[in-house]
Every structure is written in C-alpha cells, then in structure tokens.
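Please put together the full structure from these sequences, using the hints given.
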Amino acid sequence: MLFYSYFKTLVGKEVTVELKNDLAITGTLHSVDQYLNIKLNNIRVVNEQKYPHMLSVRACFVRGSVVRFILLPPGSVDVELLHDATRREARGG
Amino acid sequence: MDDQVLLPPNIEEIPPPGLALVEELDKLLLVQLRDGRKIIGTLRSFDQFANLVLQGAKERIIVGSQYAEIPLGLHVVRGENVVLLGELDLAREPPAGLELVSEAAIKQAQRAEREADKMKGTLRARFDFLDDV
Numbered sequence: 001m002l003f004y005s006y007f008k009t010l011v012g013k014e015v016t017v018e019l020k021n022d023l024a025i026t027g028t029l030h031s032v033d034q035y036l037n038i039k040l041n042n043i044r045v046v047n048e049q050k051y052p053h054m055l056s057v058r059a060c061f062v063r064g065s066v067v068r069f070i071l072l073p074p075g076s077v078d079v080e081l082l083h084d085a086t087r088r089e090a091r092g093g
Numbered sequence: 001m002d003d004q005v006l007l008p009p010n011i012e013e014i015p016p017p018g019l020a021l022v023e024e025l026d027k028l029l030l031v032q033l034r035d036g037r038k039i040i041g042t043l044r045s046f047d048q049f050a051n052l053v054l055q056g057a058k059e060r061i062i063v064g065s066q067y068a069e070i071p072l073g074l075h076v077v078r079g080e081n082v083v084l085l086g087e088l089d090l091a092r093e094p095p096a097g098l099e100l101v102s103e104a105a106i107k108q109a110q111r112a113e114r115e116a117d118k119m120k121g122t123l124r125a126r127f128d129f130l131d132d133v
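From first to last, the protein sequence lines are chains C and Y. Take the first sequence: its letter number 44 is residue 44 in UniProt numbering, and every next letter is one higher. Take the second sequence: its letter number 54 is residue 54 in UniProt numbering, and every next letter is one higher.
Just so you know, these hints were derived from the structure itself, not from any lab. A couple of the hints might just be wrong.
Stated by the list, open to error - No farther apart than 27 Å at their CA atoms in a straight line, the calculated lysine-lysine pairs in the DSSO-like style are these:
| hint | chain 1 | residue 1 | chain 2 | residue 2 |
| --- | --- | --- | --- | --- |
| 1 | C | Lys-50 | Y | Lys-27 |
| 2 | Y | Lys-107 | C | Lys-13 |
| 3 | C | Lys-20 | Y | Lys-58 |
| 4 | Y | Lys-107 | C | Lys-8 |
| 5 | Y | Lys-118 | C | Lys-50 |
| 6 | C | Lys-50 | Y | Lys-58 |
| 7 | C | Lys-8 | C | Lys-20 |
| 8 | C | Lys-20 | Y | Lys-38 |
| 9 | C | Lys-50 | Y | Lys-38 |
| 10 | Y | Lys-120 | C | Lys-20 |
| 11 | C | Lys-13 | Y | Lys-120 |
| 12 | C | Lys-13 | Y | Lys-27 |
| 13 | Y | Lys-27 | C | Lys-20 |
| 14 | C | Lys-50 | Y | Lys-120 |
| 15 | Y | Lys-118 | C | Lys-20 |
| 16 | Y | Lys-120 | Y | Lys-38 |
To be verified - Residues from chain Y shown here face chain C by an in silico Cβ test under 10 Å; the list is partial:
| hint | residue |
| --- | --- |
| 17 | Arg-60 |
| 18 | Glu-87 |
| 19 | Leu-90 |
| 20 | Glu-93 |
| 21 | Pro-95 |
| 22 | Gly-97 |
Please read all numbers here as calculations on a predicted model, not as lab measurements. From the three backbone atoms N, C-alpha and C, an ideal C-beta is built for every residue, glycine too.
As structure tokens, then:
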C-alpha cells in the first residue's frame, strides 16, 4: 500500500517507466492502482525509431508486472516523508 | 508534496482492482504482448488481471518501413501476457510513412531481418573475442 499511496502523490508529474522488455516510456502520470498498473498521458517513447508501432499512441496503460523501474523527477522525492511512512508501515504491518 | 503525510488510503478510497481499464472500453487499442507481438482491436471487456476481449483484432507486424495486418477476429488475451495497452490516435492511423504489404511479404522481411541480426551477433562476438586477445 505504501508505494500505491506514494505514486498517488505523484499523479500529474512526468515520469519515465522502463519495462522489463527494455522499452522506456516518458509521460505524465495519470493514475496508478494497487497492482501498480500505471496509466500515462502524452507519452514519448525514449528510443522512438526502435519502436515504430508506438508512433500513433498518445496515452497508454502499463501492466504493473512488466515494470522494471520508474524514473522520478528528482525534486519530487521527499526522503524524510518516505522514511517516516516506511517506519510506520513496518511497525503496523 | 512536502506538506502531505503519506497515509494509507481509507477503505472507501481504494478503488476495486478491476476499474483501471474502464475508460478504455470500446476504444481501438494497440496491445503489446510479452512475446513482442502487437495486436490492434476494440476493447470490449476486461477483468482485474487485465485479461482482455478484443473485437476485430488484427496483428500488426512492422519491419523497417513496411507493415502488414493479419486479421484475427474476436480474441481473448490472457492478462499475464499483456505488456501495455496504447490508445491509438485515430488521426494518425494508418501510420504515416509506412507501406502496407501482404502477410507473405512481411514474413519474408521479418526472416531477412532475423538473419541480419544473427549475422550482426556473430560478427560482434568475433570482434569482442579480438578485444580480449
């Protein structure tokens, strides 16, 4: 639940999602769900020529299970907040 | 962001896990599968595992500047194979700058591309060996 809550605070920010198949997509975070499925708007594929099928795609839904990692805008990471939440989650869980 | 406290969501706030794709219903989607295939179809149904029902599905194969579409009809896709779903911008369909060819022609182009990649692989392996020497 912690990461679901955390990503909800990042809705509207620009993130880059790198998938396990090496595809990397930059876009505005539209929504996230408890499986960490991600919906992005206004997407831009990082290596466009390599993935021509994505040219006509503006918005996409990425299944949480295929995400390798999510690159966040550096200013949006409040380390203290995350530490507190992690400690609370560890105590409660 | 600094003023917010990370609270666990209230039970009412947590959306049931099945609603993620409800906005995509009846839309023309490009679905990329784990094996690299791209299927285009109209989303008619889904569930919390991202199992999908696609109507009028076709597989689009793109090789270089050529593409082909193989009709598949009504398709059910198991969610574990889904990588991503993209909303196709109808204004940019059919994709500009690509030439539509037949299924046979695209399969040939695919085979040629695979051979070329294999050749590149072996050449690179040989050069890497030389680097170590």
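Hint check results:
Simply put, Lys-50 (chain C) and Lys-27 (chain Y) have alpha-carbon atoms about 25 Å apart, close enough for the 27 Å limit, and the pair holds. Restraint check: the Cα-Cα separation between Lys-107 (chain Y) and Lys-13 (chain C) comes to about 41 Å, which exceeds 27 Å; the hinted pair is violated. At roughly 24 Å between alpha-carbon atoms, Lys-20 (chain C) and Lys-58 (chain Y) fall within 27 Å of each other, so this suggested pair holds. Between Lys-107 (chain Y) and Lys-8 (chain C), the direct Cα distance comes to roughly 44 Å. Violation of the 27 Å bound is thereby established for this hinted pair.
Under the criterion of a C-alpha separation no larger than 27 Å, the hint pairing Lys-118 (chain Y) with Lys-50 (chain C) is consistent with the structure, at around 17 Å. About 21 Å separates the Cα atoms of Lys-50 (chain C) and Lys-58 (chain Y), which keeps this hinted pair within 27 Å; it holds. Distance hint between Lys-8 (chain C) and Lys-20 (chain C) is fulfilled; the C-alpha atoms sit about 22 Å from each other, no more than 27 Å. Proximity of Lys-20 (chain C) to Lys-38 (chain Y) is assessed by CA-CA distance (about 16 Å); at most 27 Å being required, the pair is judged to hold.
Taking the CA atoms of Lys-50 (chain C) and Lys-38 (chain Y), the gap is about 14 Å. The hint holds against a cut of 27 Å. For the hint pairing Lys-120 (chain Y) with Lys-20 (chain C), the CA-to-CA distance comes to about 23 Å; that is within 27 Å, so the pair holds. A hinted pair counts as satisfied when its Cα atoms are at most 27 Å apart, and Lys-13 (chain C) with Lys-120 (chain Y) does not qualify at roughly 40 Å. Restraint check: the Cα-Cα separation between Lys-13 (chain C) and Lys-27 (chain Y) comes to about 25 Å, which is no more than 27 Å; the hinted pair holds.
Restraint check: the Cα-Cα separation between Lys-27 (chain Y) and Lys-20 (chain C) comes to about 26 Å, which is no more than 27 Å; the hinted pair holds. Only pairs whose Cα atoms come within 27 Å are accepted, and Lys-50 (chain C) paired with Lys-120 (chain Y) is accepted, the gap being roughly 16 Å. This hinted pair checks out: Lys-118 (chain Y) and Lys-20 (chain C) have alpha carbons roughly 22 Å apart, not beyond 27 Å. Restraint check: the Cα-Cα separation between Lys-120 (chain Y) and Lys-38 (chain Y) comes to about 25 Å, which is no more than 27 Å; the hinted pair holds.
Interface restraint check: Arg-60 (chain Y) against chain C, minimum CB-CB distance 7 Å, threshold 10 Å, status holds. Interface hint status for Glu-87 (chain Y): upheld, as the beta-carbon distance to the closest one in chain C is roughly 5 Å, under 10 Å. The beta carbon of Leu-90 (chain Y) comes within 8 Å of a beta carbon in chain C, closer than 10 Å, and the hint placing it at the interface holds. Hint status for Glu-93 (chain Y): holds, given a least beta-carbon distance of 6 Å to chain C, under 10 Å.
Checking Pro-95 (chain Y) against chain C by beta carbon gives a least distance of about 6 Å; that is within 10 Å, so the hint holds. Restraint check, Gly-97 (chain Y) versus chain C: the minimum CB separation of about 9 Å is within 10 Å; hint holds.
Going through the hint list in order, the structure does not satisfy hints 2, 4, 11.
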